[in-house]
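Q: Based on the sequences and whatever the hints tell you, model everything.
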Amino acid sequence: MSEEIAAQLELNRLIHASARYLDDHDFQAYLDLYREEGVYSIVTRAPELPEPMVWMQRDRTELDERIAAMSEQEWEIAEVEQTRVVSVDLVEVNGQAANTSSSFALYHTGEEGLTSCYAVGRYDDCWGKDRETWKLLSRRVVLKTRQLGMLSPLPI
Numbered sequence: 007m008s009e010e011i012a013a014q015l016e017l018n019r020l021i022h023a024s025a026r027y028l029d030d031h032d033f034q035a036y037l038d039l040y041r042e043e044g045v046y047s048i049v050t051r052a053p054e055l056p057e058p059m060v061w062m063q064r065d066r067t068e069l070d071e072r073i074a075a076m077s078e079q080e081w082e083i084a085e086v087e088q089t090r091v092v093s094v095d096l097v098e099v100n101g102q103a104a105n106t107s108s109s110f111a112l113y114h115t116g117e118e119g120l121t122s123c124y125a126v127g128r129y130d131d132c133w134g135k136d137r138e139t140w141k142l143l144s145r146r147v148v149l150k151t152r153q154l155g156m157l158s159p160l161p162i
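In the numbering used here, the protein residues as written are 7 to 162.
Source of the hints: derived by calculation from the structure; they are not laboratory data.
Keep in mind that this is a model prediction, so the values were computed, not measured.
Just so you know, not all the hints are guaranteed correct.
As the list claims (entries may be wrong) - With beta-carbon atoms standing in for the labels, derived distance ranges:
id	residue 1	residue 2	range
1	Gly116	Arg152	15 to 23 Å
2	Glu118	Gln153	19 to 27 Å
3	Leu154	Asp95	21 to 29 Å
4	Glu57	Gly116	30 to 38 Å
5	Gln63	Asn105	29 to 37 Å
6	Asp70	Gly134	34 to 42 Å
7	Ala75	Gly119	35 to 43 Å
8	Gly134	Trp61	21 to 29 Å
9	Thr121	Asn18	22 to 30 Å
10	Ala35	Met7	20 to 28 Å
11	Ile11	Thr121	19 to 27 Å
Glycine residues also receive a C-beta, built at the ideal position from the N, C-alpha and C atoms.
A: Following this line, the structure appears as C-alpha cells:
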C-alpha cells in the first residue's frame, strides 16, 4: 500500500474517531487529536451577510477549559445523548500536511427517547503529521443549521 493511501485511510479513521469521542464524551481523546497550537472554530453563513459569521473560535487550551467548566454549570444540552453521522468527502495529502472535508449530521436523543436533528454541516480540517501521528492543526465547523435551540458548550 502506498504511503498516500495509508495516510488517507488513517485520516478517515481519525475523523470518524473524533465523532465517536464526542458522542462518548471522551473529551481527552478528542483533545488529543489536536496539536498544542490547534484551533477549533464554528462558522456559518447568513444570506444577508457577505462574510461568514464566526460563532466560536478556541485554541486547544481554551477548548479544554470550556469542556472542564461544563461540570460547574447547568447545560441542558450536555445531558442529551449525541450521535454524529460523518461522511468523509475529501482527503488531500501533501507529504506531512493534509486537508480533509467531511459532511456531518448531529442528532440529539433526550431522556424521553425522542431523537431530533440538532445540526448539519461540514468539518474542514487541516492536519499535520508529527512523526507517525496525524494531528489537527485546525477544525473549522461550517454549519448549515443556523437556528440552534441552544449553542452547545461541547464541540459540534
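Q: Indicate, hint by hint, whether the structure satisfies it.
A: Okay, the hints, checked on the actual structure:
no., hint, result
1, Gly116 / Arg152: 15 to 23 Å, "holds, 22 Å"
2, Glu118 / Gln153: 19 to 27 Å, "holds, 22 Å"
3, Leu154 / Asp95: 21 to 29 Å, "holds, 23 Å"
4, Glu57 / Gly116: 30 to 38 Å, "holds, 35 Å"
5, Gln63 / Asn105: 29 to 37 Å, "violated, 19 Å"
6, Asp70 / Gly134: 34 to 42 Å, "violated, 19 Å"
7, Ala75 / Gly119: 35 to 43 Å, "violated, 29 Å"
8, Gly134 / Trp61: 21 to 29 Å, "holds, 25 Å"
9, Thr121 / Asn18: 22 to 30 Å, "holds, 26 Å"
10, Ala35 / Met7: 20 to 28 Å, "holds, 26 Å"
11, Ile11 / Thr121: 19 to 27 Å, "violated, 36 Å"
Hint check: violations occur at hints 5, 6, 7, 11; the rest are consistent with the structure.
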